[in-house]
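In terms of my numbering, the sequence shown is residues 21 to 290.
Treat the hints as calculated values from the structure; they're not laboratory data. Don't take every hint at face value.
[What the hints assert, rightly or not] Once the Cα atoms are required to be at most 20 Å apart in a straight line, the calculated SDA-like pairs of lysine to any residue come out as:
#1 Lys141 / Asn89
#2 Lys134 / Gln96
#3 Lys155 / Gln96
#4 Lys134 / Ser191
#5 Lys134 / Lys155
#6 Lys141 / Gly160
#7 Lys141 / Asp159
#8 Lys134 / Ser145
#9 Lys134 / Asn121
#10 Lys141 / Asn171
[Unchecked claim] With beta-carbon atoms standing in for the labels, derived distance ranges:
#11 Ala223 / Thr123: 28 to 36 Å
#12 Gly222 / Gly138: 23 to 31 Å
#13 Asn215 / Glu162: 17 to 25 Å
#14 Arg177 / Gln148: 16 to 24 Å
Every residue, glycine too, gets a C-beta built ideally from N, C-alpha and C.
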Amino acid sequence: MGFKINTNVSSLYTNLSTQNSQKALDRTLAMLASGDALANAANDAAGLAISDGLSAQVSGYGQAMMNINDGIGLVQTADGAVQGLNDNLNRIRTLTLQASNGTLNDSDRAIIQKEIDGVLKSMDSIVQGTSFNGKNLLDGSESLTLQIGANSGETQRLNIPDMSTANLVGSIDVTTVTGRSNALDSIDSAMEQINSTQATIGASQNQLESTFRNISQSQINIASAESQIRDVDFAKESMNFSQQNIMTQAGSFAQAQANTSLASVMRLLK
Numbered sequence: 021m022g023f024k025i026n027t028n029v030s031s032l033y034t035n036l037s038t039q040n041s042q043k044a045l046d047r048t049l050a051m052l053a054s055g056d057a058l059a060n061a062a063n064d065a066a067g068l069a070i071s072d073g074l075s076a077q078v079s080g081y082g083q084a085m086m087n088i089n090d091g092i093g094l095v096q097t098a099d100g101a102v103q104g105l106n107d108n109l110n111r112i113r114t115l116t117l118q119a120s121n122g123t124l125n126d127s128d129r130a131i132i133q134k135e136i137d138g139v140l141k142s143m144d145s146i147v148q149g150t151s152f153n154g155k156n157l158l159d160g161s162e163s164l165t166l167q168i169g170a171n172s173g174e175t176q177r178l179n180i181p182d183m184s185t186a187n188l189v190g191s192i193d194v195t196t197v198t199g200r201s202n203a204l205d206s207i208d209s210a211m212e213q214i215n216s217t218q219a220t221i222g223a224s225q226n227q228l229e230s231t232f233r234n235i236s237q238s239q240i241n242i243a244s245a246e247s248q249i250r251d252v253d254f255a256k257e258s259m260n261f262s263q264q265n266i267m268t269q270a271g272s273f274a275q276a277q278a279n280t281s282l283a284s285v286m287r288l289l290k
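Given these sequences and hints, build the entire structure.
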C-alpha cells in the first residue's frame, strides 16, 4: 500500500477552516467596533438596501420638520404684525368717535386728524417692515407656499392680502361730518378684513403644528425600524465573537498539529 506525503490534506482543510473562522471573527469585530451591523454589505445586502431607504425617509422627515418650523416662524411673524395693525386700527376708530363729539371745535378735530395721520403712517411702516427671509408678508406682493411634508407636492399656501392703509381704509378725514361717517364705515370694514386674515393665519399655524407632530412621530417610527435592521445586537455578537475566537485558536492549534505530524513522518523516512 502506498503512503503519500507530498500533500498535507489535513493541513489544507485545517487552514481553510481557520481562514473562514478568522474572516467571521473580523466581521464580528468590525460590527462590535462600529455598532453597525451593516458596515459591510456582505453581512446583509437586502437589509442594507432596506436600511438605506429608511434612512433616506428619516432624513426627508427631518428636513420637512425644519421647513415646517420655518413656516411656523413665518406665520407667527405675520400674526404679530397683523395684530399690530388691528391695535392701531382700534386707536383710529376711537379717535374718529372722539372727533364726532359735538363739543369739539375745528382746532380740536385738526389735532385729532394729525394723530390719525401719524397712526396711519405707523401702520404702513408695519406693512413695509414685516418680512421673513427677504419676503414681505403683508403687502400682497408674495405668494407664500410652505413645504409641509417630506415629499414633492406636500405644500400649504398662505394667502395674505395687501394690508396697506390704502387698501384697508383709504384716506380718513375726521374734520367733516361726512368724512367721519365714511371713516367709521371704512374702519369697520378693515377690521373685518383683519379679523379674517388673522383667522386664516391662525388656521395655517394650527395645521403646521399638527403636521409637525405627525411627521415627528413618523420619523421616530421609521428610525426605530431602521435601528432594528442596522444596529448591532451586542449581546449576540459578543457571544459570536467568543465562539469564533475559540474556533480560530482551535484551528490554529489543529494546523500546527497537522504540520507537526507531517514533519514526524518525514523524519522517520530519512
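Taking the hints in turn, this is what the structure says about them:
Restraint check: the Cα-Cα separation between lysine 141 and asparagine 89 comes to about 32 Å, which exceeds 20 Å; the hinted pair is violated. Pair hint lysine 134 plus glutamine 96 does not hold up; C-alpha atoms about 32 Å apart against a cutoff of 20 Å. The straight-line distance between the Cα atoms of lysine 155 and glutamine 96 is roughly 14 Å, inside the 20 Å bound, and the hint therefore holds. Between lysine 134 and serine 191 the alpha-carbon distance is near 13 Å, which keeps this suggested pair within the 20 Å criterion.
Restraint check for lysine 134 and lysine 155: the C-alpha separation of about 32 Å exceeds 20 Å, so the hint is violated. A hinted pair counts as satisfied when its Cα atoms are at most 20 Å apart, and lysine 141 with glycine 160 qualifies at roughly 18 Å. This hinted pair checks out: lysine 141 and aspartate 159 have alpha carbons roughly 14 Å apart, not beyond 20 Å. About 17 Å separates the Cα atoms of lysine 134 and serine 145, which keeps this hinted pair within 20 Å; it holds.
Distance hint between lysine 134 and asparagine 121 is fulfilled; the C-alpha atoms sit about 17 Å from each other, no more than 20 Å. Distance hint between lysine 141 and asparagine 171 is unfulfilled; the C-alpha atoms sit about 43 Å from each other, more than 20 Å. Distance hint check for alanine 223 and threonine 123: the Cβ-Cβ separation is about 45 Å, which falls outside the suggested range of 28 to 36 Å. For the pair glycine 222 and glycine 138, the supplied restraint of 23 to 31 Å holds, since their beta-carbon distance comes to about 29 Å.
Range check, asparagine 215 to glutamate 162: about 22 Å between beta-carbon atoms, so the 17 to 25 Å window is met. Judged by the Cβ atoms, the range 16 to 24 Å given for arginine 177 and glutamine 148 holds: they are separated by roughly 23 Å.
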